[in-house]
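Asks: Residues per chain are reported as follows:
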Amino acid sequence: MRIAVLGGGPAGLYLAALAMRADPSHDITVIERNPPDATFGWGVVFSEETLGEFREADPKSYEEITESFVRWDAIDVRYRGETVRVGGQAFSAIARKELLGILQRRCAELGVALEFERELTEEDVRGLAGEVDLLVAADGVNSTARRVWGDELGSSIDPRSTRYVWFGTDFGLRAFTFSFRESEHGLFQAHAYPFDATTSTFIVETREEVWQRAGLDRASDEESIAFCEALFAEDLEGHRLLSNRSLWFNFLTVKHDTWHAGNVAFMGDAVHTAHFTIGSGTKLAMEDAISLAGAIERCGGDPARLEQALTYYELERQPAVERLQEAARESQTYFENVDRYAGFEPVQFAFNLLTRSGRIGHGNLALRDPGFVARVDAWFAERARAASGAGAAGQGVSATSPVQTSGERTPPPRRIAPPPMFAPIRLGSVLLPNRAVQAPVSTDAAVDGMPGEAHAGQLAEALTSGAGLVITEMLAVSPEGRTTAGSAGLYLLEHARTWERLLARVRGELSAAGGPPVGVAAQIGHAGRRGSSRPRREGLDRPLAVGNWPLVSASALTYAPWSRFPRELLPEELPGIREAFARAARWAGEAGFDVLEVNMAQGYLLAAFLSPLANERRDAYGGSPEGRLRFPLEVVEAVREAWPADRPLVVRLVAEDRHRRGLSLDEGVTAARALADRGCDVVHVHGGWTVPETRPEYRRFHLVPASDRIRNEAGVPTMVGGRIVTRDDASTILAAGRADLCVLDLPPP
Amino acid sequence: MRVGVGLPGIVPGAEGDVVLEWARRADSGPFSSLGTIDRLAYGNQEAFAMLAAAAAVTSRVRLVTMAVIAPLRPAALLAKEAATVDRLSGGRLVLGLATGARQEDYMVAGVDGRGRGPRFSEQLVAIRSAWEEGTVGPRPAREGGPPILVGGSSGPAFARMARLADGYVHGGGPPRAFANAAARALAAWSEAERPGRPDLWGQAYFTLGDGGTVERGAMYLRDYYAFTGPFAEKIAAGNLTTSQAIVDLYRGYEDAGCDELVLLPTVASLDQVDRLAQVLA
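Protein chains in written order, with the numbering used here: chain L, 1 to 749; chain G, 750 to 1030.
Honestly, the hints are just simulated from the structure, not real lab data.
Keep in mind it's a predicted model, so treat the numbers as computed, not measured.
We put the CB at the ideal spot given by N, CA and C, even for glycine.
Wrong hints could be hidden among the right ones.
Said to hold, decoys possible - Derived contacts from chain L toward chain G, CB cut-off under 8 Å, selection only:
#, residue
1, Arg80
2, Gly150
3, Asp151
4, Thr311
5, Arg536
6, Glu538
7, Thr558
8, Trp562
9, Val691
10, Pro692
11, Thr694
12, Tyr698
13, His702
14, Arg723
Work out the full structure: start from the sequences and follow the hints.
Replies: Structure (structure tokens):
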């Protein structure tokens, strides 16, 4: 076949070589706008797994490439004057120039025609596609071919908000290095790695506004270099930064629905980019080349079979690339917001950085560098121990038997420590033996709000699960506040007495069986406009067939088209509801609950006050964010007053509505601050459900980013759930400082 | 994991006697269910009519729609059709519903495709209410009606499933895609605080036989999915054409937590169900 390749980068050259090697009867030309020895960018990183594929694809170039490799296995995280080294990472790198030289020679040897310094216009490219059987567009992030066929491919090109520049430096670093340096204008970070004995890539990145404040938008090349050399002097150990057309760019995230248009196939950066902080651009491009060469081979020289072959290529490559792009997006977001972690100690900062993309967790990091994870665990356990003011970890004490704190001396950090999920946590007078939480869903089995055997059974099961804290279903603070006719309540003294007996009995059984004390939280709330619904197993928010009770809410707006209208609460009715919450809080204390959780989420009454989607009031309890927060905060103040001062208060908060016109996470962070100011000890981060039609993004850990922001921007401890399944999941999130407690979704037994 | 098989009436040109004999063989074979798909502007047999016919010649297998395009029919009509098939089959219907992906079907039906998501939610509520309250007869064979599965791959679709359905029906793909969808379904379910867990259903296409048969299967898939553009070729490429491919997919789906996998035919001839039964045995 006649094949033209646009772009003589690693992707285009490797594809040309592999295709020619498979079938020397092809006529292949590579067209490159630059001269053969020009190169921009410095070194290229590969992981071990990619190398295996190179060996299979073409042993000859594999050998040459790997002979030129510099290898190392550590990542250094330099932060606040400390370097944390993490091993077991297995990287290899090569100078980009060296790599191109090897591939150019391999192409020439196999009979590929190489045309350098030939710049093609869009018109030329279009014409070329008509002349050849296959045109391969490997012409990089600013692809000319993409300008011609981008619409057919379904382009999405997203410029990101940080600025970065590629430098080199004339000495070999000893590890992949992330260095964070504070300037008077703000935080800068460097991503640097060696690619031969005497040279390293040195990328500097910062937020757009910091870049402007530092005057780098107006700086010359020399001034940029001088600035970065001064800032990173310690990392450079007296060496220089080298520039090679080094300009400050915004990173472009490129994605496409389809990677081919007719007889034009796209590969590498031309069709997909992944942020440089996961160092995978060249790796992906060369893997594309292997797959595309395989697809060409499958045609057996018949251009009629090209369409099917190119589809195979996409089918093979797209899922792998999308997975990496997802990880790259997480990594990029991390670096865009790294200021958030400025208060972290270096060891946690490093753990957080390494687990940023979700690809690496506590467990597999422990396999790569057991020493580092042991250090993280010991640090976490020691901090938990110090903060909990108790003796040995794992010895839980409930509110009803206050903890003994003595003037014991601090022991040295333990070398064997439990993973973070098993570190205790003190909340007020309550010491939870670990950070796993169970929150069983309502059985809808109560009668007139009265808990019964179903509740006792559920509680007993949750208490023996091993979790450190168990949260009840939402207990209604008034009969109208029930979600279903079978919702449990805490609006009659008799409810409180029954919970007291039930708790005592279940705790007694647990202790008789030798189980450790577990914290139990009463969750109180008012269903608002989601009340008077059928049992949850029959679908949510469907009105009762008979016996509906009147609904109340912030405004007279129905929850769903199929639900009933609520009545807007009058200002003079609000104190009554506030008092119902306070009364329930007092009774929960008397019944012996260790923790109290107030529900301000899931579209229930307090969440409806918070959200502009459900609150259209014109009085002091609506309108502005402050107005919408007013009633929920009044409730929290009253509850805090009624709930024993030494016992912890949790608020389950809707951090965002997942709706264009709804609460944004910014408002969620503000609300969390206000709650903390009023004595809320932990924010249990929730989202959505304020209205039925929202745009949630369900995936593993989907609530963790919101928890991360609230914890580290509002400075309040958080609890988070959302597809957190294993202890490794929980330990990863906890050790990274993205939450303080995790609600586990346990797999079925 | 249970395994069902699709009815051949989903392939244009299928003969009535082939569909009935296929159903009989499936009922006495290693299958737990018979499935259909739903299209309007296409030459497949209508889903409920086909399941009603299958109900008459089977006694054991469940009958599942994967999935009926709900907004194309009034909710009351859907409730009646489903209740009828449930009664005819002695309570063996599993009602899979979705909004479908083809604009063409909406155009032919004269139904506005805009806002179909929220409308679909309302339909789900109306169907359940119709069954429970008996406003549209007959009553389904079972109290509360047949289980409802909801399909779709967007966040709102998962939330809708968790809010109003009993399970999730996936649209097909490699095990990894199913596992991803299953995780999302479970995340939505747990956030909705529904008790228990959703039933998770998967589907995949198969063609077993010589090169010509396999090519006929691929042609069907390219034609059926022509509206997706180049994606049709991807679906054709994912067709299961060897027993090893079926076994691999089966294992992958089982590991991903699938409760029932329905294998859909692409060629309407009886040897297909026999060959599949052999592979599964």
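Asks: For which of the previously enumerated hints does the structure constitute a violation, in increasing order of number?
Replies: 1, 2, 3, 7 and 9
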